[in-house]
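Turn these sequences into a full structure, and let the hints steer you where they fit.
In this text, residue positions in the sequence shown follow this note's numbering: the first is 1, and each later residue adds one.
Because the hints were derived from the structure by calculation, they are not lab data. Careful, some of the hints might be misleading.
Here are the simulated DSS-like cross-link-like pairs (lysine-lysine), alpha carbons at most 25 angstroms apart as the crow flies [claimed, not checked]:
#: 1; residue 1: Lys277; residue 2: Lys109
#: 2; residue 1: Lys265; residue 2: Lys251
#: 3; residue 1: Lys117; residue 2: Lys178
#: 4; residue 1: Lys189; residue 2: Lys265
Keep in mind it's a predicted model, so treat the numbers as computed, not measured.
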Amino acid sequence: MQKSLFVIPEVFIGNPVFFKIKDFWIPAFAGMTTMAILSILLQEAQGNIDVMIGFFKKKNKESSGSKNHKQISNYIKPSFLIIGAQKAGTTALFNYLKKHYCILPSNIKEIDFFNCKSRFNNGIDFYHSHFPLAGNDNKGKISFEATPGYLANPFAPERIFKYNSSLKLIALLREPVKRTFSAWNMYKKYYKDNKNWFHDWMTRCEEEFKCDSLVRRNLEKFNFFDLAIKEELLVLEQNERIEVPILMHGKYCEQFERYFNFFNKSQILILENNEFKLNTITVLKRDRKSVV
Numbered sequence: 001m002q003k004s005l006f007v008i009p010e011v012f013i014g015n016p017v018f019f020k021i022k023d024f025w026i027p028a029f030a031g032m033t034t035m036a037i038l039s040i041l042l043q044e045a046q047g048n049i050d051v052m053i054g055f056f057k058k059k060n061k062e063s064s065g066s067k068n069h070k071q072i073s074n075y076i077k078p079s080f081l082i083i084g085a086q087k088a089g090t091t092a093l094f095n096y097l098k099k100h101y102c103i104l105p106s107n108i109k110e111i112d113f114f115n116c117k118s119r120f121n122n123g124i125d126f127y128h129s130h131f132p133l134a135g136n137d138n139k140g141k142i143s144f145e146a147t148p149g150y151l152a153n154p155f156a157p158e159r160i161f162k163y164n165s166s167l168k169l170i171a172l173l174r175e176p177v178k179r180t181f182s183a184w185n186m187y188k189k190y191y192k193d194n195k196n197w198f199h200d201w202m203t204r205c206e207e208e209f210k211c212d213s214l215v216r217r218n219l220e221k222f223n224f225f226d227l228a229i230k231e232e233l234l235v236l237e238q239n240e241r242i243e244v245p246i247l248m249h250g251k252y253c254e255q256f257e258r259y260f261n262f263f264n265k266s267q268i269l270i271l272e273n274n275e276f277k278l279n280t281i282t283v284l285k286r287d288r289k290s291v292v
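Right, dumping it as structure tokens:
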């Protein structure tokens, strides 16, 4: 049977406004070339922004008494998470969203709480300490964080669900080959600075990690994209694990199957990187009347 994904392929770029289509919240980023066009969009969408903020607040209020969610009153706990994908534009999305006057970001973009066992074991107080303090200045505002490692991590979906089963999740996807090439470029730079960087990270993240549990990369081969991919494929064919796995982050169907085991599809907004970057004006002209 052919697998399918719940995908909303078209978005706007820029300062965020939010619209509701049926049961799904669509963030539309209006990255316009003139302030005049931007102001027109924001003026027309203002009512929808207020509705969106109210929606998130209502969901949090409903879940605040849940037995699987510990309430920390000193901090504004997150209303939604950007869960990935790696090298798909999550930094840009994070920066756009944090400019909205009602949306407050975590103090660092990637907290790595639900995908890193040692940080997860620090507890919910530790997690909430990365978010803005509640108070009169922040009254009526919501918060969020963006850790792209959450999407591919096999433990993150259940941990997030047990933390708050009503959370809204946003995933930004990129064409898998382009995403893989971008990740390889990033990792190649890491290796130049420290050939043991991955083992150092895993040791900090997973207390029980053993260096000999992974096949070490051939750094000479890793300087060439095709050789790095062939090396990884050979290791996978032998049912072994290789350090710095690149391909696994592009297995979107497998990743979303894990999330759909816990979350309703209406809680997960999936965006496509190419539309996110390129089709701002075209999408705005075609869809503005239908979504407002």
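Assess, step by step, whether the Cα of Lys117 is no farther than 25 angstroms from the Cα of Lys178, and give holds or violated.
29 angstroms, violated
Is Lys277 close enough to Lys109, meaning Cα to Cα at most 25 angstroms?
20 angstroms, holds
Does the structure keep Lys189 and Lys265 at a Cα separation of 25 angstroms or less?
37 angstroms, violated
Is the hinted pair Lys265 and Lys251 satisfied, with a Cα-Cα distance of at most 25 angstroms?
18 angstroms, holds
The structure fails hints 3, 4 (numbered hints given earlier, in ascending order).
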